[in-house]
Structure formats: structure tokens, C-alpha cells
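Let chain G serve as the given structure and place chain B with the ligands on it in line with the hints.
So the sequence lines, in the order shown, correspond to chains G and B.
Numbering-wise, the numbering used here comes out as the position in the first sequence, counting from 1, plus 36.
Numbering-wise, the numbering used here comes out as the position in the second sequence, counting from 1, plus 282.
Hints are supplied without guarantee of correctness; some may be wrong.
[Claimed, not checked] Simulated pairs of lysine-lysine, BS3-like, Cα-Cα distance not exceeding 27 Å:
hint, chain 1, residue 1, chain 2, residue 2
1, B, LYS356, G, LYS556
2, G, LYS145, B, LYS394
3, G, LYS145, B, LYS395
4, G, LYS580, B, LYS395
5, G, LYS279, G, LYS208
6, B, LYS416, G, LYS145
7, G, LYS172, G, LYS389
8, G, LYS208, B, LYS356
9, G, LYS221, G, LYS433
10, G, LYS221, G, LYS599
11, B, LYS356, G, LYS580
12, G, LYS580, B, LYS394
13, B, LYS395, G, LYS556
14, G, LYS561, B, LYS356
15, G, LYS578, B, LYS395
16, G, LYS116, G, LYS145
17, B, LYS416, B, LYS394
18, B, LYS311, G, LYS145
19, B, LYS416, G, LYS556
20, G, LYS556, B, LYS370
21, B, LYS363, G, LYS561
22, B, LYS405, G, LYS145
23, B, LYS405, B, LYS395
24, G, LYS578, B, LYS311
25, B, LYS363, G, LYS578
26, G, LYS471, G, LYS178
27, G, LYS378, B, LYS356
28, G, LYS267, B, LYS356
29, G, LYS172, B, LYS416
[Said to hold, decoys possible] Footprint (simulated), chain G over chain B, 3 or more residues, beta carbon under 8 Å:
hint, segment
30, 284–297
31, 326–333
32, 374–384
If you are wondering where the hints come from, they were derived from the structure by calculation, not from laboratory data.
These numbers come from a predicted model, not from an experiment.
Idealized CB from N, CA, C, for every residue including glycine.
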Amino acid sequence: MAKVGVYVCHCGSNIGGVVDVEDVCKHAETLSDVVVSRQNLFMCSDPGQEIIRQDINNGLVDKVVVAACTPRTHEPIFRKVLEGEGLNKYLFEMANIRDQDSWVHANDKAGATAKAKQIVASAVAKARNLQPLEDKYVDVTKAALVIGGGVAGIFAALDLANMGNKVYLVEKEPSIGGVMAQLDKTFPTNDCSACILTPVMVDAGTHPNIELLTYSEIDSVEGYIGNFDVKIRRKQAYVDWEKCTGCGACADACPAKTPDAFNAGLNNRGAAYIHFPQAVPKKAVIDMTHCINCGGRKIGSEPKISKKTGNPILAPCEKACPAGAINRSVAVDEGGRIMDVKVGAIVVATGYKVMEKENFKNLAPDSPNVLTALQLERLISATGPTGGQFLRPGDGKKPHTISFLSCVGSRDERHHTHCSRVCCMYMIKQAKLLKEKYPDLEIYMHFMDVRTPGKDFDEYYTGAIDMGINIIRGRVGGIDTLPEGNLRVMGYDSDLAANIEIDADLVVLATAIELQDDIKPFAQKLSLTLDGSGFFKELHPKLKPVDTPVEGIFLAGCCQGPKDIPDTVAQAKGAAASAAVPLSQGRVRINPTISEVNQEKCSGCGICEPLCPYAAISMIENVAGHPRARIEMTQCKGCGVCTTACPSTAIQLYGYTEDQIMAQICALTA
Amino acid sequence: MEFVPNIIGFACQWCTYAGADLAGNLRCKYPPTVKLIKVPCSGRVKPEYVMQALAQGADGVLVGGCHFGDCHYKDGNHKTKNRMDMLKSMLGDLGFDPRRFRREWISGAEGKKFAEVITDFTKELIELGPNPLKGGENNG
Ligand SMILES: Cc1cc2nc3c(=O)[nH]c(=O)nc-3n(C[C@H](O)[C@H](O)[C@H](O)COP(=O)(O)OP(=O)(O)OC[C@H]3O[C@@H](n4cnc5c(N)ncnc54)[C@H](O)[C@@H]3O)c2cc1C
Ligand code: SF4
Ligand code: SF4
Ligand code: FES
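Next comes chain G alone, as it looks inside the complex:
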């Protein structure tokens, strides 16, 4: 017979203020197999834990139920208590009487108390049927995969590599760098983005432990913490990177034109191009979707021979390349090539994108003189389309009046309800940089309110006011286009409590930060989930900020939520440290709450085999030559889909067995 101890927590007044704890304890003692019930102000505190310890130590209880908050945060804490006293830690069950009871029924104390009794009864019923389980361990592959080569991915990769781990850094673009590489200067210190980023990019590119895999994407991820099997698709560059020296001759020769994403579409690039001047690695690619096949040379076809000269007629890119890195006669696979790697941990650092101005029909998106803030970064950057000259795209004239609009698509029910967090600061940065360089420039900044919470941030903002930049509080309703490419900004000034109109020759929109359009299928490959704002969801917003529901996969940077570079780097270093834990432990625990087939009961029907999402089930022959199902321990993730389907109840999902669930149903209908 089990000896169940029930420990009811007051959680300060969180539970005790609503639920009659005394009454719950008394009721618990009437339940079968319950030998003792006790209460404490904070069960998870040291004195609280001590109560449980003593009861175990004195041989009073051999199964523990704690009625408190949620097992999602506190189960591990109490399991440790059992473990510490030499009791199998799986002989523990939690009754959630806070998050799912006192917090939601504060207006119905009697109802909350009655419900708490039932929840405790259900937990006790399960506890009576718990069996000790054994942790198993498997060896870890001492290598990590970092997906995304922005500032987050670069720092995560460097830290992991410096700890002695092999790192595969996968970036979908031809170069690492991400958005930071597109920025001109960076708040709050206004240092030049390229000057501080380029050396770090080079470090990552030359680190002996880092294998840089740019122009590559994740094809599939299988396996589990410690041993992930990853297929990486190295996209077809149509340029032999072994030979390419990054001189850019092909890019100059290519007559095709397509908007240059690195310059936020402000100018065009060829189909053959180099990502940007400081690219790492500095290699050319030919973007075949925009190649116009000007030389009449389809990939994999022999060149025509010139009647005049007798020489082969090459495409301009081939002809231009002094290194002979482009050869269109070779029939290469347009899908690229798949590379298989095995890693023990994964850091996802896929960053973000900004909303395009086309989403805001009321803000004159068709005017070339309405820019997104990212476009302005490129316009004022020395490596941008104008070589850093501040000339408006519409007519190349120097602007005299410029308006900045905050929260475009952020904090707006029609688009995103979240705050994009960095826009206030980067707008102030852009305004300050422009005002410093062109003191005559009239600058108007329309803010819903100015958010500058960060070290030295508010000083940065007040500095802008001192420079004579006009700060207006209130939203902008629309922009009208005027003759000669000028714009009329129509908004509200809440300090004047009046509508205002300002004519500007350039308008900058701080558009919202969001994840890429194709993020869902990518998330599914990794079994990651998105939060309400559409960013990757961390395991716990406070206590597990870089963990994900998938053990061994961690998050870094803006893919987890909008943040600036200092926060991105801090989080990247945090993710690297967390990812390094399994790698340095050398082995990982296999969760024992997985399924097993009872060979005696299995009829060999085979129903379960195709159901397993991880192909963990195979049909084997038993000694008598009959087919029997078998589950591979390292592949099973414990979903229980097979357990549910087996007509012979031959499959047991430990921790969620038939007896346990049935006992809970009985307790809840008693």
C-alpha cells in the first residue's frame, strides 16, 4: 500500500487568500492511502521543502503530492527534494491549485475550495498508481548548429567555438552580418556599425572551430538533444567558391537588374552579385531567378562557337571572371547539395524583418520620398546607394524638412499589438546624426510616446531635444502627396490638443519588427512554436528565456522578440552558455516518460508502427517467429499516440499510464 503525503501550499496569500487550505488538508486525509497532510506558507521555500524531507526520512511517506502552483515551473524543484532523500523522483505529483484555481476563482472562495479538493483528489489518485522510473543516458555529439548569421548567431557561434566545440554556422544569405551589417551607426554610442561588426564577422569566418555555411538553409532536423541529425541545403551559387576571389567583376558585367535587398530596395543589383562590400565570406553568387540568360547560355549547355573568331561565345559573367570561377557549361543541380551534420545542441538566431511601407496605404507608400527607417540607414551609409550622400530618392535633391513617424504597424490593432522596442531609439539616432551633419535641417518626430529604457538611453534622447529636434506627441493619420514630390504629414499634437499639418520633403517610417513570412514551415521543421506576437516562444518568459519546448534547442536575438544590439548580444551569449551545458556534460538524460511495448500483450497487429511521428516503432520477430512491436528508446518522445491506438493495451506510456488516467477520472467523478 502506498503512503501518500499531501503538502498544501498557501503561496503567501495567492492560494491561502482564496482557498480554505485547512479544509483542503482535512479533506485530503480522508482519501485512500493518504497518511499525512500538511500546509506551509511557501512549500517551495527551504522550510517548506524541509517538511517533506523529514516525512520521507522518517519513513512516513513514500509518495508525494504537492498542491501549489503549476508543475510546469515547480515540478523539477520538488522532484529534487525526493531525489535528495533517496526516493525515486518520479513518485511525485503536483496539484495545480493556484494558476488553475485560486487565481481564476478569486471571486468564488467556496467554489475554489471545492475545486481544490477535487484537484488534490485527482493528484492523489494518480500518485497512488505511480511507479518508480529510471533515468537513462546517451552520449552527446560535441558539436553545435547555429542557424542565422546575424549579430546574435555570430556571437553565439564564437562563444561555443571558444569553449572548444565544433560549430556549424548556417546563414541563408551569401554573407553573415544580418541587419546590423545594413546599419550606418548604432545607438547609444553612435559607433559605426561596420567598424564594430566587421572584425567579429572575420573572427567567425576564420575561427578554426567554426564551419561557416552561408547561402545555406535547413532542410530537416531529426533526433533529440545530444544527437540531432540535420540536413543542410547548400544553395546553388553557380560560382565555384573555391576559385572565387570576391573581386566583383561578374557583378559589374551582369546586365540583369533586380532590387538590391541589402540596400533595402533603393537601387538595383545584377543577378550575379556580391552581398555587400565587407561580406564574409566575400564570394559572388548568381541568383538564377533573376538571371536573364543574356548570353543565350543556359546552365549546362555548351557555348556556341563564334564564326568570326572560332572562340566560344561566353556569357558576360563567365567572360568577366578572372579566376575562372564561373562555367555555365557545367550542369549543376539547381537545388544545391545536401550536407548531413550531427550536433548535440542548436541555437536558433534567425532574426527578423521590418514591415514594408506598402502595408500602409494611408502613408503615401508609392512616393519615393517616403522611406522605411531601414532604407534611411542605407541612404546615409557610406556603403549605400548614394555613397552616404543625403539625397532624396525621388529627385536627388537635398531635403530641408524631414518627418519621422513612430509605431508604424506597431502598437496598432490593425497590424501588431507589440512594441518593436528599438524604433524610438534608432529614430532619435537617425535624427541626431542628420542634425549633426546638416544643422539647417528641420526635423519633426511624431511619437505616440518616447520609450527609452536602457543604459544611457534617456540622456541620448534629451540630447536630441537640446539639438533643436522637434518632438511631437501624437499619432499621424495620413500623408498627402504634394507637387514636386513633397509630402504633407497630417497628425495630432496632444500637447497642443490640435490637429497639425507639416510639409516635408522626406518622410521616414519606423515600421514594425516582425518575423519572416516563411517562418511557420521553418518553425515546424524544428517543432518550435510562436507566441501571440508571432515571435519564437521561449520556454518561460522569465526563468527560461533562451530555452524552447524542445530540449537542446535555444533562442537568441530578435527571433525571440524585438531587441537592440546590446540585448541581442547578451542573449546570444546566454544561449551559447545554455547550449554548451549538454555539450560539456558529454551525456544527456533520456526522459523516462516514454512508451514501451509489453511483448507478452502485443498481438503484432502493426497498427502502432505507422502512427509514430518519429518512426520509433519497428516490427521485430519474437523467438517464436511472430511479429511484435518494439519502440526505440532514444527516438520515442513520449507523445502517447501509439499508446492510445493499441487495441491490445500492450503499450504503456510511463508517467501517463492507463491506470493513472483511469484513477484520475474516478477521483474526479467521485
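What follows is chain B with the ligands alone, placed relative to chain G:
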């Protein structure tokens, strides 16, 4: 005495169970009718469990899983949909009003939705009255 329906909820630990926790974090209010049995995935829930709960007198049963595409185990919830939709179509013949059973997709971010679903379900069950096996009318 006022009739307080007894609802048993089978909740996937990754979504609906987390959503119920979030409802608590947000201090949403809903009637104290539902008690959750945590399962790793809605795919662990046998239709028999729902039947068992009703047969033993539960007034309502909820199975909560992740939205399509969000199942932590790829597609366990597709299996849940097939199994539970089939069950629902049979409940009438088994003597229970099919409205006593709900299958809902509630994510970990949908605390408010969890509270709304329970509030609505409770209201409907009050209209239906107690489980016929516990003296309620057989309106199946
Ligand atoms: C206009 C503007 C100005 C800013 N100014 C400042 C500033 O002055 N100071 C400051 O601190 N912050 C500033 N920021 C914020 C800054 O851009 C971010 O903090 C930073 O870029 C976040 O880095 P990240 O690595 O998380 O993401 P990103 O920079 O977006 O990098 C992500 C990388 O992952 C790659 N990737 C994406 N998906 C995949 C995939 N599926 N597979 C492989 N690779 C993938 C991308 O190509 C990219 O290289 C500004 C932002 C904007 C929009
Ligand atoms: S519980 Fe069954 S179906 Fe689920 S992962 Fe394990 S073996 Fe596969
Ligand atoms: S479903 Fe059950 S009986 Fe059929 S093969 Fe699988 S374990 Fe054996
Ligand atoms: S994990 Fe939630 S339904 Fe499968």
C-alpha cells in the same frame, strides 16, 4: 442547490494546460467547473476516457490540444481530431447529448480563450442540466 457542472478536461501539456496556466497569470475569471488531467499530447487521450468520464457522471468533458501545425509531436492533434470527431458523432447513440463533449484547440498563448471556452461550456451544461446518469434528463 444551484447546479454546478462537473467538467473533466484532458489537456495537452504544451498548449491547453499552459493556456490554463496563462489564464491564471492574467487573472481571467471563469466558473470553477473544470478540472484538468494533464497529458503529454492530446493524442494520448483515448475516446474511451471521454466515455468513461461521462459514464461515471461527469457533466461535461473537454479535450484540449494544440492548433494544427503546433502539435509538439508534429501531428498528434490530427489523430485527436479524427478520433474525437468520430466519438462525438456516436455520443448521441450512446445516450449522451453530444454537446456534453468539446474538442478545442487552445494554445499556450490563449489564456483568455481558455477562460472563454470554460465559461461558455459551463453555461451550455447548465442549460443541459446534470448528466442523465446522475438524475439529469436524457436529452441525447
Ligand atoms: C532601422 C533600424 C535601425 C536599428 N538601429 C539600431 C541601433 O542603432 N542600435 C541597436 O542596438 N540596434 C539597432 N537596431 C536593431 C538591430 O537591427 C537588431 O538588434 C539586430 O540586428 C538583431 O540581430 P539578430 O542577429 O537577432 O537578427 P538579424 O540581424 O535579423 O540576423 C538574422 C540572420 O539570420 C539569417 N536567417 C534568417 N532566417 C534564416 C534561416 N531560415 N536560415 C538561415 N539563416 C537565416 C538572416 O539572413 C540574418 O543574417 C535597428 C533596427 C532597425 C530596423
Ligand atoms: S509514444 Fe509512441 S508514437 Fe509517441 S513518440 Fe513514442 S513510440 Fe512514437
Ligand atoms: S498496436 Fe499494440 S498490438 Fe498492435 S503491434 Fe502495436 S503494440 Fe502490438
Ligand atoms: S502536443 Fe499539444 S496536441 Fe500534440
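Now for the hints, and whether the structure bears them out:
no. : hint                  : result
1   : B:LYS356 <-> G:LYS556 : holds (13 Å)
2   : G:LYS145 <-> B:LYS394 : holds (21 Å)
3   : G:LYS145 <-> B:LYS395 : holds (23 Å)
4   : G:LYS580 <-> B:LYS395 : holds (24 Å)
5   : G:LYS279 <-> G:LYS208 : holds (21 Å)
6   : B:LYS416 <-> G:LYS145 : holds (26 Å)
7   : G:LYS172 <-> G:LYS389 : violated (42 Å)
8   : G:LYS208 <-> B:LYS356 : holds (25 Å)
9   : G:LYS221 <-> G:LYS433 : holds (23 Å)
10  : G:LYS221 <-> G:LYS599 : holds (16 Å)
11  : B:LYS356 <-> G:LYS580 : holds (23 Å)
12  : G:LYS580 <-> B:LYS394 : holds (23 Å)
13  : B:LYS395 <-> G:LYS556 : holds (22 Å)
14  : G:LYS561 <-> B:LYS356 : holds (9 Å)
15  : G:LYS578 <-> B:LYS395 : holds (23 Å)
16  : G:LYS116 <-> G:LYS145 : violated (32 Å)
17  : B:LYS416 <-> B:LYS394 : violated (31 Å)
18  : B:LYS311 <-> G:LYS145 : holds (13 Å)
19  : B:LYS416 <-> G:LYS556 : violated (46 Å)
20  : G:LYS556 <-> B:LYS370 : violated (31 Å)
21  : B:LYS363 <-> G:LYS561 : holds (22 Å)
22  : B:LYS405 <-> G:LYS145 : holds (20 Å)
23  : B:LYS405 <-> B:LYS395 : holds (15 Å)
24  : G:LYS578 <-> B:LYS311 : holds (24 Å)
25  : B:LYS363 <-> G:LYS578 : violated (33 Å)
26  : G:LYS471 <-> G:LYS178 : violated (51 Å)
27  : G:LYS378 <-> B:LYS356 : holds (21 Å)
28  : G:LYS267 <-> B:LYS356 : holds (18 Å)
29  : G:LYS172 <-> B:LYS416 : violated (46 Å)
30  : 284–297               : holds (count 5)
31  : 326–333               : holds (count 4)
32  : 374–384               : violated (count 0)
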